[in-house]
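Starting from the given sequences, assemble the full structure and let the hints guide the process.
There are 4 protein chains.
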Amino acid sequence: MPDNPLLPNRKADQIRINREEDVQSGLTSGLEHFRFHHRALPELDLEEIDLSQSLLGKTVRTPILISSMTGGTAEAETINRVLAQAAQETGIAMGVGSQRTGIEHPELAYTFEIRKYAPDILLFANIGAVQLNYGYDIDQCKRAVDMIGADALILHLNALQEALQPEGDTRFSGLAQRIEQICRQLTLPVIAKEVGWGFSEQDIRLLQNAGVTAIDVAGAGGTSWSQVEMHRLTDPRKARVAAAFQDWGIPTAEAIRNVRRVAPDLLVIASGGLKNGIDIAKCIALGARLGGMAGPFLKAASQSVEVTLDLIHEIDDILRTVFFATGSRNIPALQDHKIFEEGGHGL
Amino acid sequence: MPDNPLLPNRKADQIRINREEDVQSGLTSGLEHFRFHHRALPELDLEEIDLSQSLLGKTVRTPILISSMTGGTAEAETINRVLAQAAQETGIAMGVGSQRTGIEHPELAYTFEIRKYAPDILLFANIGAVQLNYGYDIDQCKRAVDMIGADALILHLNALQEALQPEGDTRFSGLAQRIEQICRQLTLPVIAKEVGWGFSEQDIRLLQNAGVTAIDVAGAGGTSWSQVEMHRLTDPRKARVAAAFQDWGIPTAEAIRNVRRVAPDLLVIASGGLKNGIDIAKCIALGARLGGMAGPFLKAASQSVEVTLDLIHEIDDILRTVFFATGSRNIPALQDHKIFEEGGHGL
Amino acid sequence: MPDNPLLPNRKADQIRINREEDVQSGLTSGLEHFRFHHRALPELDLEEIDLSQSLLGKTVRTPILISSMTGGTAEAETINRVLAQAAQETGIAMGVGSQRTGIEHPELAYTFEIRKYAPDILLFANIGAVQLNYGYDIDQCKRAVDMIGADALILHLNALQEALQPEGDTRFSGLAQRIEQICRQLTLPVIAKEVGWGFSEQDIRLLQNAGVTAIDVAGAGGTSWSQVEMHRLTDPRKARVAAAFQDWGIPTAEAIRNVRRVAPDLLVIASGGLKNGIDIAKCIALGARLGGMAGPFLKAASQSVEVTLDLIHEIDDILRTVFFATGSRNIPALQDHKIFEEGGHGL
Amino acid sequence: MPDNPLLPNRKADQIRINREEDVQSGLTSGLEHFRFHHRALPELDLEEIDLSQSLLGKTVRTPILISSMTGGTAEAETINRVLAQAAQETGIAMGVGSQRTGIEHPELAYTFEIRKYAPDILLFANIGAVQLNYGYDIDQCKRAVDMIGADALILHLNALQEALQPEGDTRFSGLAQRIEQICRQLTLPVIAKEVGWGFSEQDIRLLQNAGVTAIDVAGAGGTSWSQVEMHRLTDPRKARVAAAFQDWGIPTAEAIRNVRRVAPDLLVIASGGLKNGIDIAKCIALGARLGGMAGPFLKAASQSVEVTLDLIHEIDDILRTVFFATGSRNIPALQDHKIFEEGGHGL
Ligand SMILES: Cc1cc2nc3c(=O)[nH]c(=O)nc-3n(C[C@H](O)[C@H](O)[C@H](O)COP(=O)(O)O)c2cc1C
Ligand SMILES: Cc1cc2nc3c(=O)[nH]c(=O)nc-3n(C[C@H](O)[C@H](O)[C@H](O)COP(=O)(O)O)c2cc1C
Ligand SMILES: Cc1cc2nc3c(=O)[nH]c(=O)nc-3n(C[C@H](O)[C@H](O)[C@H](O)COP(=O)(O)O)c2cc1C
Ligand SMILES: Cc1cc2nc3c(=O)[nH]c(=O)nc-3n(C[C@H](O)[C@H](O)[C@H](O)COP(=O)(O)O)c2cc1C
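Residue numbers (the UniProt record's numbering), protein chains in the order written: chain E, 1 to 347; chain L, 1 to 347; chain G, 1 to 347; chain U, 1 to 347.
Be a bit skeptical, because a hint or two may be false.
No distinction is drawn between identical chains; accordingly, a pair holds when it is met within one copy or between any pair of copies.
Result set (EDC-like, lysine to aspartate or glutamate): computed pairs, CA atoms no more than 16 Å apart in a straight line [as the list claims (entries may be wrong)]:
1. LYS238 / GLU314
2. LYS238 / ASP310
3. LYS238 / ASP317
4. LYS275 / ASP247
5. LYS238 / GLU113
6. LYS142 / GLU113
7. LYS238 / GLU167
The set of hints was computed from the structure by calculation and includes no laboratory data.
And the structure:
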């Protein structure tokens, strides 16, 4: 994810591999163990349901997030534009990919500048947290935010991915403190985000103390970045090392509950292996405020705004139907004991 | 299930799809987790066993129900007649399909009028509960009952199905109160029935307070009406939305226990994915008074009265054998700790 | 199993079906859930191990039982003779099949008379317990015992099988009391035995009060007599009824533990789905004194005494190796916490 | 494993069978049930991680052990040499195969003498513990140790394997006491080791009292020596007896925890079905100090020192990545609640 300026085509590589190779985690999101309490008598009219919410200063019309993905190349610019137009039309949230290229190569910043297409959406800037140990400070953070008129800054954490890359940025000590500094200095909210391995209880405590506003769990169960790296590595031994981590990480459902248990006041965004509207609904019911997907939006945006809109409408329809069939008028209602773990107890 | 008069061939559609397509729920009835306590020494003679019971004013000779299915077309009339003749000969209970067509198109009422073929059976009228929010009141209920000389009125609940239909009847708010009115005004017992997604604890409480006499759980595990709708929908996005609900609902075994736990005084009818006499016996052992099946009877009735009788006799033989091998002389005896959940405790 | 004199070739039928058709229960014996505590340091010499025991007045050299199977036809006579010779040479226990034919047709008694080939073995007579409700009393019991110079009388219980047979003997009421009479009147021990569906706690209590000395659990997991009947039945509906019981009964491991829990003083014999010496060893470890097999011995005896001996030696070798690798010098030692249920607690 | 001098080609046999036949246990190591707590914020630099430890007087650079395998033939000498050179270059630990041939045929001792190639590594001598019941005493133990300048002596326990061999050494009584004598008389540490079936609690207590310094659990889940014997046996009945033990033994994960629970002060070495660096890391996290593998090293050493080094580096890279992604600076840190059992509690 972090764009090494020496490797300008890394993003292109990643996108190609994500489209063509099997990069699925060996784990599942864990959401398949959860089921909704069906209501035969919902005592509700379908048209009453209101999925909108006020989030980080913006109104989000339905709790869908287009997860941080791309930027830095001409192709990425097109994808970002299509996504932004669809997000604007439907009132959903969106993030751009890591803006390191845009920061270090100002001539490429235009590939991220989508605010003009989406003046009203909740929009997230994105940089790799570990860059704070490699010279970045509040200045670069502000530049990322300003580049796109973001409502919040995502600092993504990808320690395992860096460890698997030749010459990866693997100095992660003291990072919690540097994140704390950014939280203090930036006037906008900071979101900590994994890239597919979730957060453990100890991570969450560190981040809460550091002052982040939200956590995007990006748990295991979907795209596995060790698998992506495996496909990129040319040294066979290094590729085997990467392959050994296919089953690594904290499944998304578990990661959401970790945050809810450890830091109930943090805003939770869910991503990692969400396959459809049912999965997003489960995440909301588990306590998340938005459910993010990457791959499906990448595929749709490669086609057209219409295809992307169709996907958003499909997810939204499913969400509304879940709300209806569980008798939930709005988001807080769906979060009120509407789901349970099979073989477990209610929630 | 609810017959939209603008779509006179909806019932025909449903029956064709039920026969030709895979409309199975992604869930199972949950009955497969239950096993009977075998008795090597039943201390009983097989011929002593008595499966008859007095139910809602009628005598039912063996606890089998032909679930509500059809009416409204010429083909439906034939099916209803065959079923009624077989029910009369064997003394089992039966329901007709939603009578909306019969009520709104009196010239089609004849397709439901099977009392003449089955003067003695326990017979259920049927209308969609949600119609009470669309203009129906005690008058239409009475007309449904009178049309067939019913012993009770089934109000079926199908919120999820309506939500998946284009222009479905999705105003379900205030419905509990309207059901309560009908319960008060109708001199016959009212039965609340799902169509394949079961009842949750909260639904059961609402229905008990509304004054229903019985609940037909119609749980998940058999026919999935979201799958039926999926096959009927022509808009691909709407079809994908329907497909997302294949695993929805409360499995039949769970739904039966929900009723027994929450409202032990309500009469329970079991349906939803019952495959044979063993499954019906399990439902009885779990506390139901009748076990209903739809699909297998539809198939048999499309052939002949004889085939239908053969099916009823087969189920009855299996029931008797279960009663014998568990040392149960009659229905109350089978309900006395004769079953247990594997990996769980006795019942 | 019970030989209806009107159907002289029923036994021949049973044996053919057992050899040629799939008559396996849909359940497993449950023994696969148990594992032995391996001992790296058994503190024992292999040659010290002593598997012999004194049982019902005889010495059994290794805890293997050839389960009750046959008699009544010329072919059965040969099989019984081969089995008896092999049992005598190896000092194991044996039962003959139901002796009803021998009692009601004295000219066929010779097919059971194997004591001459096996003067020293522990030998069990066999009749169907339900015959006590159809005219049999202490006289017929004595005749069965005397016919073969038996050391004990097995009364087999097969209620479910009778229920599935056209014109089966299905009057099982009052049977416990009649068994009690036989226990009082017969000078030899009485053994109650199922035929493949095991015993529930209530059965065991009745039998203990009736005064039986031992229970052969004959649990579910091996030969399913409902499947055997299914193959014999010519009426397709009756065959479907039989087929519905393929998953019926109490698995052998569970049945053994039922007896141990409810009536710890009763002698337990294990049978039902034991596949090899490991399974027999598990039954011993669970508290049985003998492990019986039917099918494998039938197959071996159809070939020769040598093949039968080879089978017995194979089982005995496996038993000795289990005793060695668990550090168990003799049968009581193997019964002292040498096994545990996976996912469960020690024993 | 024990080399019967009358069968000089037994070792050659074993190696051929291990390479060509399926000799896998029917059980798994149990390690697949464990998962690491991922750390998104490891608060650690990858290059800080230090996997070295001081163990039995030597420094081991990374917690990998080449398990005891071979010696006694010319081919074995080559394999041992290659392994030793690779171990020396990478600073890992190594054991030689049973030295009985070397002791009883001094002219073959050279096949074990690898200290010259690996002056600095932690090196284990190896003899079968049961030989102490067949004439061996402190003298032979000393000879084994001196032959290779070992740092410790492994006494391997293989009771089940001996029981399955024709004329195996099956007198295991009193062995605990003889091991105790060796522990007292030998100036070097003694390690008790299974060969693939693990240790039970009672074994561990006996060994702790006998005074061993370490236990190599060699649990079930990898090479099954009953399967190896099965392939060697020519008598079909004996082969069937061996085959019956394919599912025997205590899985490696369980055996490690047995030692940790019963004798927390004993040093634990893990082996048995470890497939890669992730498995070794799990064993370390469960409390072991070294993780041993046999088959993969045999295969690599048959090729070259380079291939062997590549394998060691791959394992070491995986180990370092696990340490990084769990935020563990060194071995004690990985042993501090970094792993948990799925469906179980933390550790
Ligand atoms: C092609 C692609 C590029 C991505 N780039 C970034 C990135 O630059 N920054 C980031 O925080 N996450 C990035 N992600 C991770 C996603 O935002 C998200 O956390 C994760 O992929 C969600 O899991 P899923 O793919 O299983 O839905 C990327 C994902 C994909 C598929
Ligand atoms: C062809 C068909 C038509 C049905 N029509 C109705 C109906 O009009 N009213 C109703 O309450 N249930 C209706 N049902 C649902 C059944 O009564 C029953 O609740 C459900 O199908 C039972 O589950 P099973 O099909 O898994 O046995 C229908 C079912 C089928 C198969
Ligand atoms: C061919 C055959 C005939 C049998 N006949 C009798 C019998 O006459 N009396 C009886 O008590 N059990 C009879 N049995 C049942 C066995 O004794 C035994 O309880 C049961 O088969 C054991 O289960 P298994 O076949 O799974 O090993 C018979 C079994 C077989 C296979
Ligand atoms: C070819 C071969 C030879 C072995 N020889 C010995 C031996 O002589 N002494 C010993 O203690 N273990 C011996 N073992 C067992 C290993 O040291 C080790 O305990 C076991 O194989 C580890 O399990 P794994 O093969 O599943 O990794 C041998 C293993 C193999 C594969």
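How the hints compare with the structure:
1. LYS238 / GLU314: between (41 Å within a copy, 7 Å between copies)
2. LYS238 / ASP310: Only across copies: LYS238 and ASP310 sit 10 Å apart there, 41 Å inside one copy, limit 16 Å.
3. LYS238 / ASP317: Classified as between; 8 Å across copies, 44 Å inside a copy.
4. LYS275 / ASP247: between (18 Å within a copy, 14 Å between copies)
5. LYS238 / GLU113: neither (36 Å within a copy, 34 Å between copies)
6. LYS142 / GLU113: Within one copy only: 14 Å inside, 66 Å across.
7. LYS238 / GLU167: Intra 12 Å, inter 48 Å, cutoff 16 Å: intra-copy only.
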